[in-house]
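S.K.: One-letter residues, chain by chain:
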Amino acid sequence: MAAFSVARRSRGLINGLKVSFRSSGQLKHGAVAAPLLQTSLHRDSRWYSAGHLSVKERIEAKRRAALAGGGQARIDAQHKRGKLTARERIDLLLDTDSFVETDMFVEHRCSDFGMEQDKNKVTHLPEVIFYFFNIIFCLCLFCFSQDFTVFGGSLSGAHAQKICKIMDQAMKVGAPVIGLNDSGGARIQEGVESLAGYADIFLRNVMASGVIPQISLIMGPCAGGAVYSPALTDFTFMVKDTSYLFITGPDVVKSVTNEDVTQEELGGAKTHTSVSGVAHHAFENDVDALLNLREFFTFLPLSNQDPAPIRECHDPSDRLVRSLETIVPLESTKAYDMLEIIKAIVDEKDFFEIMPNYAKNIVVGFARMNGRTVGIVGNQPKVASDEYVVLTPPPPFCCLDINSSVKGARFVRFCDAFNIPIITFVDVPGFLPGTAQEYGGIIRHGAKLLFAFAEATVPKITIITRKAYGGAYDVMSSKHLRGDVNYAWPTAEVAVMGAKGAVQIIFRGKDNQAEAEAEYVEKFANPFPAAVRGFVDDIIEPSTTRKLICSNLEVLARKKQVNPWKKHANIPL
Amino acid sequence: WGGLEVPLGGRVGKQSCCFRVKNVLVKLMINLLICFSSQTFDKILIANRGEIACRVIKTCKKMGIQTVAVHSDVDSSAVHVKMADEAVCVGSAPTSKSYLNMDAIMDAIRVTGAQAVHPGYGFLSENKDFAKRLAAEGVTFIGPDTHAILAMGDKIESKLIAKAAKVNTIPGFDGVVKTAEEAVKIAQDIGYPVMIKASAGGGGKGMRIAWNDEETREGFRFSSQEAESSFGDDRLLIEKYIDNPRHIEIQVLADKHGNALWLNERECSIQRRNQKVVEEAPSTFLDQDTRQAMGEQAVQLAKAVQYSSAGTVEFLVDSKKNFYFLEMNTRLQVEHPITECITGLDLVEQMIRVAKGYRLQHKQEDIPINGWAIESRIYAEDPYKSFGLPSIGRLSEYQEPLNLKNVSVRVDSGIEEGSDISIYYDPMISKLVTYGATRGEALARMEDALDNYVIRGVTHNISLLREIITHPRFISGDISTNFLPEVYPDGFKGHQLEAGKRRELLASAAALYVTVQLRSQKVLSPTPVERSHWELCVQLGEGCYAVEVVKSGNVYNVEVDGGTVEVSGQWNLASPLLPLSINGTQRMLQVNANTYTHNLGFFGVLSKLAAQLNSYMPEKVPEDTSSILRSPMPGTVVAMSVKPGDTVAEGQEICVIEAMKMQNSLTAVKQAKVKSVQCKPGETVGEGDLLVELE
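Top to bottom, those sequences are chains D and E. Sequential numbering of the first sequence, starting at 1, is according to our numbering. Sequential numbering of the second sequence, starting at 1, is according to our numbering.
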C-alpha cells in the first residue's frame with residue numbers, strides 16, 4: 001500500500017500549502033499550463049536563492065514540471081501528429097476529477113550517454129503517468145499512460161517499475177488495468193535494465209491474466225519487445241493511422257528479407273484488425289478510441305471474483321422480436337446476416353463487436369440481456385470464410401476455419417474467466433475442407449474452440465438458427481459440451497452432413513438421387529432428430545428467443561459448476 | 001465429421017407451389033350471417049401483392065367473401081399471404097415469372113375455384129389479354145369490360161375517343177412514333193417542350209420530357225426501352241408538354257347499366273419524375289364550377305366507352321383553370337383512400353358490387369365532400385438523391401403511427417417488421433392517410449403521424465414528406481407538378497433548421513446524452529454519483545455548439561446558443577420514439593443510430609473536454625469520388641457504354657442501371673480515360689458498388 005499512501009499524503013501536503021489540488025488539476029493540460037508555470041517559478045526565485053528552496057517549494061516545482069511533460073515544443077509536435085498527450089488521454093478516459101495520480105516523483109536513474117545532463121536540463125520527468133483509483137462510470141480501475149513527449153515514451157527501468165507497481169495494486173484490489181501505450185520501445189541507453197523492465201511487466205501480465213481484465217490501447221508506435229505486453233492482455237485496441245505494432249520495423253525488414261513495406265502495411269491498425277488478428281478493434285482517432293473504450297469498459301466485471309455487471313435496462317426482457325420470424329431465408333443455401341439476429345435480440349440493439357474485420361465468418365462480442373453483460377458467439381452465414389473468397393462462386397454460407405476457430409476460442413475463454421454468460425447462435429455447415437486448412441492445422445485450431453466451449457463453466461445458451469452439421473455441431477456449444485439450454489428454431493437442420501453429400505454415401509449407386517435426397521431432407525433437414533433425443537431442449541418460435549434467453553439467464557445466474565482440480569488444462573495451442 | 005455440404009432442395013420444395021386453407025368454418029358462418037345483405041361472390045382471387053392486396057382483402061373480409069392470395073416464392077410469408085384465406089405460389093421473384101405470369105394465375109383460379117379476380121393496380125390490372133382470358137373461363141374481372149381497357153389503355157386511341165366525347169385534350173400528335181428522327185420532326189412541329197410517353201404506359205414509367213432535339217432523341221430511346229421492359233410494348237407518342245401545370249384527377253364510378261358518377265377530384269401535383277408523392281382531396285385550386293365541368297366531362301368519357309367499375313380521369317390544369325384530358329386509368333388508383341375519406345364510400349366494395357352486376361347505390365347529388373384528406377406515399381428510397389432513388393433492405397424495426405389518439409390516421413401497408421424491400425417490386429412501404437374536418441387539421445395530423453412513424457433498416461422519404469407538408473407554399477396551396485424542382489433547385493438537402501428549432505434540437509440532444517451517461521452508471525454494485533451540472537459540446541453538421549445542462553429530476557435546463565431551453569421527459573432508452581417537452585411544447589424525438597454509443601459523425605454530443613481535444617484530431621482524407629463511378633442504388637446493369645481505354649467526355653453516358661423498372665443513365669463527371677470496368681450488363685449491383693474507374 002506504499003504507493004497509495006504516498007499519493008494520499010502528497011495531496012495533503014499540497015492542501016497545506018494552500019495551493020489547491022483543484023487548480024493544479026485545471027492546469028493539467030501541459031499546453032496551457034507551461035508558460036504560466038515558468039513565470040511563477042521565476043517569481044518565486046526572487047524570494048529564495050536556488051539552494052534554499054524549501055521542501056514544500058521543491059515539491060511544488062517538481063509537480064509543476066511533471067505536469068508540463070516534455071515541454072511545449074514536444075506537446076505541440078504530439079498534437080501535430082494527431083495525437084493527444086498522456087494527460088489529455090487520461091482526462092478523456094476517466095470520469096471528471098475522479099483520479100488519484102501516483103509516483104509523480106519517480107525519475108529515471110540513468111546517467112550514461114548524456115542522460116544525466118538531459119535529466120538536469122529537463123529536471124525530473126515522469127515518463128509514464130499512473131492513475132490510481134480511477135473511475136469510469138463510477139467503476140474503479142487502474143491505468144497507466146505512456147508519455148511520448150518524454151524521451152519518446154521509451155521504457156526505462158523506472159518507467160517499468162511504475163507500471164509493475166500499478167499492476168500489483170490492481171491485483172491486490174481486484175480491478176482492471178488499462179494501458180495507454182505510446183512508446184518508442186526500450187531505452188537503449190539503459191541497456192539490460194530496460195529489458196528487465198519489460199520482462200517484469202510481462203510476468204505481471206501473465207499472472208493477472210484471468211484474474212483481472214487487462215486492456216491495451218495502442219496510441220502510437222509499439223515495437224520490439226514492447227509488443228508482447230499488449231499481446232498478453234485480454235484486448236488490444238488500436239488507433240487508425242497513428243498506431244503501429246511490429247516486432248521489427250520496415251528498415252530491419254528491408255535489410256533482412258529485402259521486402260519493401262510501409263509502417264502502415266507492416267503493423268498499422270488495418271493490418272492487425274483484418275489480416276493478423278493481433279488487435280481486436282481499431283478506432284478513428286484518439287478521442288474516438290478513448291470514448292469507445294469507456295463504453296466498452298461498462299461491459300466488463302472488475303475481476304474474476306465479480307459477477308457479470310448488470311446495468312439498468314429499459315428494453316423489456318419479454319419483448320417479442322417479430323422480425324426474426326422471417327429472417328432465415330426459405331432457401332437453405334441463401335445467406336442472411338447473423339448480426340441482424342443478434343442486434344434484434346440484445347438490449348437496445350447495443351452490440352460491441354470484437355474483431356469485426358477479422359475472420360468475419362464468426363461474430364463475437366459483448367451485449368446485454370436484461371441489463372446483464374453476455375458474450376455472444378455466432379456463425380455468420382453472410383460471409384464466406386476468408387479463404388473461400390478466392391473461389392468463384394464462393395459458397396453462400398460460412399464454415400468454421402482456422403482463423404474463426406481461434407477468434408471464437410479466445411473470446412469464449414475470456415467470458416468463462418470473467419463469469420460472463422455465453423450465448424451461441426449456430427448456423428454452420430461444417431469445418432472448411434481443403435489442403436490449405438489441413439496443412440495449416442485446422443484440426444489443432446478447431447480443437448481450440450471445442451476445448452474452450454467444453455471447459456467453460458459459465459451459463460451457456462445455444463440457439464440453432466439453421467444448419468448445425470457434423471463436427472461443427474458438436475463444437476458450437478452443443479448439449480454434449482455441457483450447454484445449459486439449447487434451443488432450435490423451426491428452421492434448424494441438425495445432421496451429420498447436408499442432403500447431397502449424405503445421399504451420395506447412403507444411397508451410393510441408387511438411380512434416383514433426387515428422390516433419395518428428398519427423403520433425406522424430410523428426415524434430417526429439421527430439428528426433430530435432435531429434439532427427440534433431448535439434444536435440443538425445445539423448438540422455439542424465433543420471436544420468443546429474447547424472452548426465453550432473459551428468463552434462462554435469470555435462473556442460470558445461480559449456476560455453480562467446477563472443473564476437476566488441475567494445475568492448468570493443456571489446451572492444444 | 002462432415003465437411004462442407006450444399007443441401008439441395010431444402011425447404012424450398014416443401015413450401016412453394018401449394019396453397020393452404022384456414023378458418024374455413026368461421027368464414028362460412030360469417031358468410032351465412034352476411035349473405036342476405038347483398039350476395040356478390042363467394043371467393044375472390046387478388047392478383048396482386050403488397051398493400052393493395054391487403055386493402056382488397058380487408059373489404060372482402062368485411063363483405064364476407066373468401067380470399068385467395070397469389071404470391072411469388074420470395075413473398076411466401078408476406079402480409080397479404082397471411083391475411084388471405086388461401087394462398088397460391090405462382091412463380092419466382094421476377095414479376096414476369098409470377099405476378100405477370102397469366103398461366104400460373106389462371107391455374108390458381110382453377111385450383112381454388114375463385115369466381116372473380118381483383119387485379120389491384122399495376123401488374124395485370126389494365127391488361128386486356130388477362131381480362132379476355134378470364135372472360136373465356138367465365139371468371140369475373142373486377143374492373144371495366146375489355147373494350148374499355150382496350151380503348152383507354154392506348155393513349156392514342158383514348159385521346160381520339162376523348163376528343164369525340166367533347167372532352168378537352170392537349171394538342172399533340174395522334175399516332176405512334178416510329179423512329180427518333182420522326183420524333184424530332186413531330187416535336188419541332190408541335191413546339192418544345194414536348195412529352196414523350198409510352199402508348200401503353202402509366203405511373204410515369206416510359207415517360208420523358210424533352211426541351212430540344214438532342215433530348216428528344218435520348219428520351220425516345222429510354223422511353224421505348226422502359227416501355228418494352230415495363231409493358232412489353234415499346235410504342236411511343238408525343239404531345240405538347242404543358243409547363244407548370246397541376247395534376248388533378250377525377251374519380252369516376254360506373255355500373256353496367258349505363259349509370260356513372262364522379263366522386264370529386266384528387267390533387268396529385270406533388271410529383272417527382274412524374275410519380276406522385278403527396279395527394280389530397282379535395283383540391284385547394286378548384287372552384288365548384290370547374291369541379292363540376294371536369295366531373296361532367298369525366299362522366300361523358302366514361303359513358304362514351306361504356307365504362308363500368310371505378311376509374312380515374314386524369315387532367316392537367318393550367319394556372320387559368322383550363323383543363324386538358326391526360327389519360328384515363330381503368331383501375332383502382334393508388335391514391336383512392338383520400339376519395340374514400342371525403343366521400344365515405346368503399347371503392348373496392350363498389351367495384352365488387354358493380355362487377356357482380358348491381359346498379360350503383362348512389363346518385364350524383366348524394367356524393368359529398370366531407371372534410372379534407374391527405375395521403376403521403378412512404379417509399380423506401382433516398383430523398384437526397386433526385387428526390388428519391390430506390391433503396392432496399394430489411395425492415396429491422398417498423399412501427400406505424402397508429403398509437404396516435406385520434407382515429408383519423410389510416411395506414412395502408414402490406415409489410416411488417418422483418419419484411420424485405422427487394423429490388424423486384426415497387427419500393428412503396430405504405431400509404432399514410434390523415435383526415436380532418438379542415439385542411440389544417442388534416443395537415444397537423446399528418447405532421448404528427450410522420451413524426452411517430454418508425455422505419456429502420458431501409459432509407460425512407462419521411463424527411464422529404466414532412467418538409468413538403470410543412471412548406472409555406474404547400475400550406476397555401478400554391479403548387480404545381482414542378483413544386484419539388486422549384487422549391488429545391490439543388491435537390492433536397494434535408495430540413496434547414498432555423499435558430500430557434502436548432503436550439504431546441506441541440507438542447508434535446510444534450511439532455512438525452514446526459515440521460516444516457518447517467519444510465520451507464522446504474523450498474524448494480526456501486527452507488528452512482530449524481531451529477532447535476534454538465535458542460536458539453538453538440539456537433540451538428542459542421543458546427544459545434546457549447547451547451548450547459550443543469551439537471552433536476554426529469555427536467556433539464558439547457559443553456560445553448562445564447563438562450564435557455566427547458567427539456568423534460570422520462571425516456572425509455574430502448575424505444576425508438578422519445579417524447580419530450582421543450583419549453584412546454586410536446587415534441588417527438590427519434591434517434592436513428594442503432595445505439596447510443598457516441599458518434600463523431602454528423603450529429604453527436606461530446607463532453608466539453610473531448611470537443612476541445614477533438615480539434616487536434618487529423619482530418620481523414622475522403623476517397624476521391626470524381627474518378628470512380630459507384631452505383632447510386634441497387635439494381636441491374638442494363639447497358640455499359642464504355643470499355644477500358646475509352647476516353648469519356650464530361651456528361652457522357654457511362655452505363656445504365658435499371659432499378660424498380662426505372663432506367664437511370666449514369667454519366668461521367670469529368671473528362672477522363674476509363675481505367676477499368678467492374679461490372680457487365682445483366683449483373684445485379686448493390687448501392688455503392690464500384691462500377692467504373694476513371695484515370
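Any given hint could be a false lead.
Computed cross-link-like contacts, DMTMM-like style, restricted to lysine to aspartate or glutamate with a CA-CA straight-line distance of at most 25 Å [as the list claims (entries may be wrong)]:
id : chain 1 : residue 1 : chain 2 : residue 2
1  : E       : 620       : D       : 265
2  : D       : 382       : E       : 397
3  : D       : 334       : E       : 349
4  : E       : 551       : D       : 541
5  : E       : 551       : D       : 295
6  : E       : 608       : D       : 265
7  : D       : 500       : E       : 73
8  : E       : 620       : D       : 511
9  : E       : 522       : D       : 318
10 : E       : 522       : D       : 554
11 : D       : 547       : E       : 73
12 : D       : 80        : E       : 542
13 : E       : 132       : E       : 349
14 : E       : 82        : D       : 76
Simulated from the structure, these hints should not be mistaken for lab results.
S.K.: Taking the hints in turn, state whether each one holds.
M.R.: Now for the hints, and whether the structure bears them out:
1. A hinted pair counts as satisfied when its Cα atoms are at most 25 Å apart, and residue 620(E) with residue 265(D) qualifies at roughly 18 Å.
2. Restraint check for residue 382(D) and residue 397(E): satisfied, since their Cα atoms lie roughly 20 Å apart, inside the 25 Å limit.
3. Using a Cα cut-off of 25 Å, the hinted pair residue 334(D) and residue 349(E) is violated, with the two alpha carbons roughly 41 Å apart.
4. Under the criterion of a C-alpha separation no larger than 25 Å, the hint pairing residue 551(E) with residue 541(D) is inconsistent with the structure, at around 43 Å.
5. Restraint check for residue 551(E) and residue 295(D): the C-alpha separation of about 22 Å stays at or below 25 Å, so the hint holds.
6. Distance hint between residue 608(E) and residue 265(D) is unfulfilled; the C-alpha atoms sit about 35 Å from each other, more than 25 Å.
7. Taking the CA atoms of residue 500(D) and residue 73(E), the gap is about 23 Å. The hint holds against a cut of 25 Å.
8. At most 25 Å may separate the alpha-carbon atoms for a hinted pair to count; residue 620(E) and residue 511(D) exceed this at roughly 62 Å.
9. A hinted pair counts as satisfied when its Cα atoms are at most 25 Å apart, and residue 522(E) with residue 318(D) qualifies at roughly 21 Å.
10. Of the supplied pair hints, the one linking residue 522(E) and residue 554(D) holds, its CA atoms being roughly 19 Å apart against a limit of 25 Å.
11. Using a Cα cut-off of 25 Å, the hinted pair residue 547(D) and residue 73(E) is violated, with the two alpha carbons roughly 31 Å apart.
12. A threshold of 25 Å between alpha carbons decides the hint, and for residue 80(D) with residue 542(E) the separation of about 21 Å falls inside it, so the pair holds.
13. About 23 Å separates the Cα atoms of residue 132(E) and residue 349(E), which keeps this hinted pair within 25 Å; it holds.
14. About 66 Å separates the Cα atoms of residue 82(E) and residue 76(D), which puts this hinted pair outside 25 Å; it is violated.
When the structure is compared with the earlier hints, violations turn up for hints 3, 4, 6, 8, 11 and 14 and for no others.
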